[in-house]
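J.: In case you want the letters, here they are:
Number of protein chains: 2
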Amino acid sequence: MAEDGERAARVALTWLAEPGNRMVWSLVEECGASEALDRLVRGEVESKAIQAAVRAYEADLEPERLRELTVGRADQLGARIVVPSDEEWPRRVDSLATLSLEGNGRILRDVRPPLCLWVRGAWPLGETLERSVAVVGARAATAYGTHVTGEISYGLAEQGWTVVSGGAFGIDAAAHRAAMAAGGRTVAVLACGLDRPYPAGNSAMFEQIAESGLLISEWPPGAEPLRHRFLIRNRVIAAATVGTVMVEAAARSGASQTLSRVLALNRTAMVVPGPVTSAVSVGCHELLRERPEAILVTGVDHVLEAVGRVGEYLVDPPRGPTHARDALDEESALVLEAVPRRGTASPEELAAKAGLDLRTVLRRLSLLEVAGMVERRGTAGVALTRSRASPASPHQDEPAPSDRHD
Amino acid sequence: MAEDGERAARVALTWLAEPGNRMVWSLVEECGASEALDRLVRGEVESKAIQAAVRAYEADLEPERLRELTVGRADQLGARIVVPSDEEWPRRVDSLATLSLEGNGRILRDVRPPLCLWVRGAWPLGETLERSVAVVGARAATAYGTHVTGEISYGLAEQGWTVVSGGAFGIDAAAHRAAMAAGGRTVAVLACGLDRPYPAGNSAMFEQIAESGLLISEWPPGAEPLRHRFLIRNRVIAAATVGTVMVEAAARSGASQTLSRVLALNRTAMVVPGPVTSAVSVGCHELLRERPEAILVTGVDHVLEAVGRVGEYLVDPPRGPTHARDALDEESALVLEAVPRRGTASPEELAAKAGLDLRTVLRRLSLLEVAGMVERRGTAGVALTRSRASPASPHQDEPAPSDRHD
Chain C
5 MAEDGERAAR
15 VALTWLAEPG
25 NRMVWSLVEE
35 CGASEALDRL
45 VRGEVESKAI
55 QAAVRAYEAD
65 LEPERLRELT
75 VGRADQLGAR
85 IVVPSDEEWP
95 RRVDSLATLS
105 LEGNGRILRD
115 VRPPLCLWVR
125 GAWPLGETLE
135 RSVAVVGARA
145 ATAYGTHVTG
155 EISYGLAEQG
165 WTVVSGGAFG
175 IDAAAHRAAM
185 AAGGRTVAVL
195 ACGLDRPYPA
205 GNSAMFEQIA
215 ESGLLISEWP
225 PGAEPLRHRF
235 LIRNRVIAAA
245 TVGTVMVEAA
255 ARSGASQTLS
265 RVLALNRTAM
275 VVPGPVTSAV
285 SVGCHELLRE
295 RPEAILVTGV
305 DHVLEAVGRV
315 GEYLVDPPRG
325 PTHARDALDE
335 ESALVLEAVP
345 RRGTASPEEL
355 AAKAGLDLRT
365 VLRRLSLLEV
375 AGMVERRGTA
385 GVALTRSRAS
395 PASPHQDEPA
405 PSDRHD
Chain F
5 MAEDGERAAR
15 VALTWLAEPG
25 NRMVWSLVEE
35 CGASEALDRL
45 VRGEVESKAI
55 QAAVRAYEAD
65 LEPERLRELT
75 VGRADQLGAR
85 IVVPSDEEWP
95 RRVDSLATLS
105 LEGNGRILRD
115 VRPPLCLWVR
125 GAWPLGETLE
135 RSVAVVGARA
145 ATAYGTHVTG
155 EISYGLAEQG
165 WTVVSGGAFG
175 IDAAAHRAAM
185 AAGGRTVAVL
195 ACGLDRPYPA
205 GNSAMFEQIA
215 ESGLLISEWP
225 PGAEPLRHRF
235 LIRNRVIAAA
245 TVGTVMVEAA
255 ARSGASQTLS
265 RVLALNRTAM
275 VVPGPVTSAV
285 SVGCHELLRE
295 RPEAILVTGV
305 DHVLEAVGRV
315 GEYLVDPPRG
325 PTHARDALDE
335 ESALVLEAVP
345 RRGTASPEEL
355 AAKAGLDLRT
365 VLRRLSLLEV
375 AGMVERRGTA
385 GVALTRSRAS
395 PASPHQDEPA
405 PSDRHD
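Chain order of the listed sequences is C and F.
Counting in my numbering, the first sequence runs from 5 upward without gaps.
Counting in my numbering, the second sequence runs from 5 upward without gaps.
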């Protein structure tokens, strides 16, 4: 355990700059959180924004007052503050230390690892996130989206995977609810203080998550769910998990932004397609068009195949309906095809129609007869008819025997 | 024009072996169709299947009788026989000459170009197919599939592209109907004789296609729509067009087989995704998963972008809803975000909350005021409030101002 002072200093640093801030994180790496905080308080940094924040929080930055405000506040909330020196720190988020994204925006630039995480819930954080998949998507989800989210999250939970998401209405909530329904662990990563998980409409769900899984946040209690914080938060969802599934997303959505972080971190980015007529699948299709590394997934089997250890989950390729006739070699299929629907034909006629030689036809006919797919008629032994049980064609755009002559 | 004898010989060769047959096509390339036919009639080939077929058709293979049966039959049908020496021959199908597919099946092996094409309709075949896109898919299409097919085909026809498909119920028929509704040309490639286009349930549509576009087939009149012929036919749809769009397809479907020929020919393979809950989108999603060369398309713009000449069609990337606030630089957005919903705040407070220095905040506030997004309140000139017209957040999984405090 880091001493309380170091832990409290990490919290205080999130008052002075948003989580992910490159300069603050580097300073902490260099000299530790307490020393970094001291330097900021002494005005030894060039950032006027931080200097302004120091002035705003001045009274609370006294070491004694700080410990009281952080550790005391955590106890009061039934939460704990987890820092990198703790055993339960989720190591995977450290990969944010080297993430670099293209562009000049502040949110693109400032994607360093969290300084600390506030955690509510009984499970150890790192172990809970070890085998985890994020399931994210639109707030304005459709019934289709919440259905598919439910199938995937339930299936992941059944296989012992932790489901991670934000706390929003729509896909996020559907992911948590389904995982919990399967008796699984679920982690909600918030973009505000744990004392007021946003949105309040999901309060009952947040309580349930805190009971059966974990509520976590980089922000201290009291922090508001400001708009840009969701974009900052998204890097943690991307980094803390083995892979992320995007179920529904409008063009230019927050979920698309998460997926771009997933790809930048070389994590597994998975996308569920949907009807092209649906506005909340536009972001999904666009990502699949633009990012060939993104994997199209249609269900939990594809997700498990993508995130599991090699060979852990093997997915059978989809098959059309199976029919006895699908098992036929091509020559037998051609012979069977040549047998008329009504009446009989001689083997010579079948040979001409199927484009095969007579010997081949006779050999194949014996096999087809044994398989019960044709029968001999008459005493000469050369008349044949397709038996009634002859199965239908599995091919969508070819005539099934039943409608060949409509 | 090839002389009638050569033309008739090409037709007769399709009586003796299915179109695409590698041996027959090579023989015709070597010595011409009449000579090739002579050699087959004289039994100078090893194929017992062809020898059997020669015996079955013997009486009709006399040159005079042959001309009568072919050219006469074409006149009677209001059709013509088009061969490679004709100006209207669709040159693109010649690329089948070098197509090689993996596997040992007869239908995989025998994918050589057509020997001749029976054509009904007034337009020159080659010119009609010059700018053409195939739209194929499931017979058992859903309302979603036929809707999307209609949108794409209508749009293609509006842009002067010919739509090509089979003649089946479902996607094929929807493609033809929408293209005709837009006043476009459409080509139905049949897997049976032109005298009996299959399925009979689409007869009225076939008549309409013959009026406004073209009905074509490699098979002579009288040829039945045997199951394997649809698979043979598919190579022509793939080869004759600039690209092929698959709208709905079950696993292992005929449409998927067409797309694999499209890819083998280095043509543009396009796939429309759909709900993962739909059995007739399984083949589409599987193809997108397995073949990275296949392009996901969600509408006619994507199709035109893929098949058009470089720069001919430029597609705007999809955008979320646009709001004044989306146009803001990041610092202005942070300042605006920091302005409280109710009441006022001083610039110093805003600076602390936004994590920006005071000078930046003051500069941004002036801009926000000019844009009508904040207003000054009170006489001291430091109190501000977010104006009522402040627009909603475009991000799906972030709080819109209107529901931030629910």
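Simulated from the structure, these hints should not be mistaken for laboratory data.
Mixed in with the good hints, there may be bad ones.
Any copy, or any two copies together, can satisfy a pair, since identical chains are not distinguished.
Stated by the list, open to error - Once the Cα atoms are required to be at most 20 Å apart in a straight line, the calculated SDA-like pairs of lysine to any residue come out as:
| hint | residue 1 | residue 2 |
| --- | --- | --- |
| 1 | Lys52 | Arg346 |
| 2 | Lys52 | Gly109 |
| 3 | Lys52 | Pro351 |
| 4 | Lys52 | Ala63 |
| 5 | Lys52 | Asp199 |
| 6 | Lys52 | Glu10 |
| 7 | Lys52 | Leu366 |
| 8 | Lys52 | His151 |
J.: Which earlier hints turn out false for this structure, listed by number in ascending order?
T.: 1, 5, 6, 8
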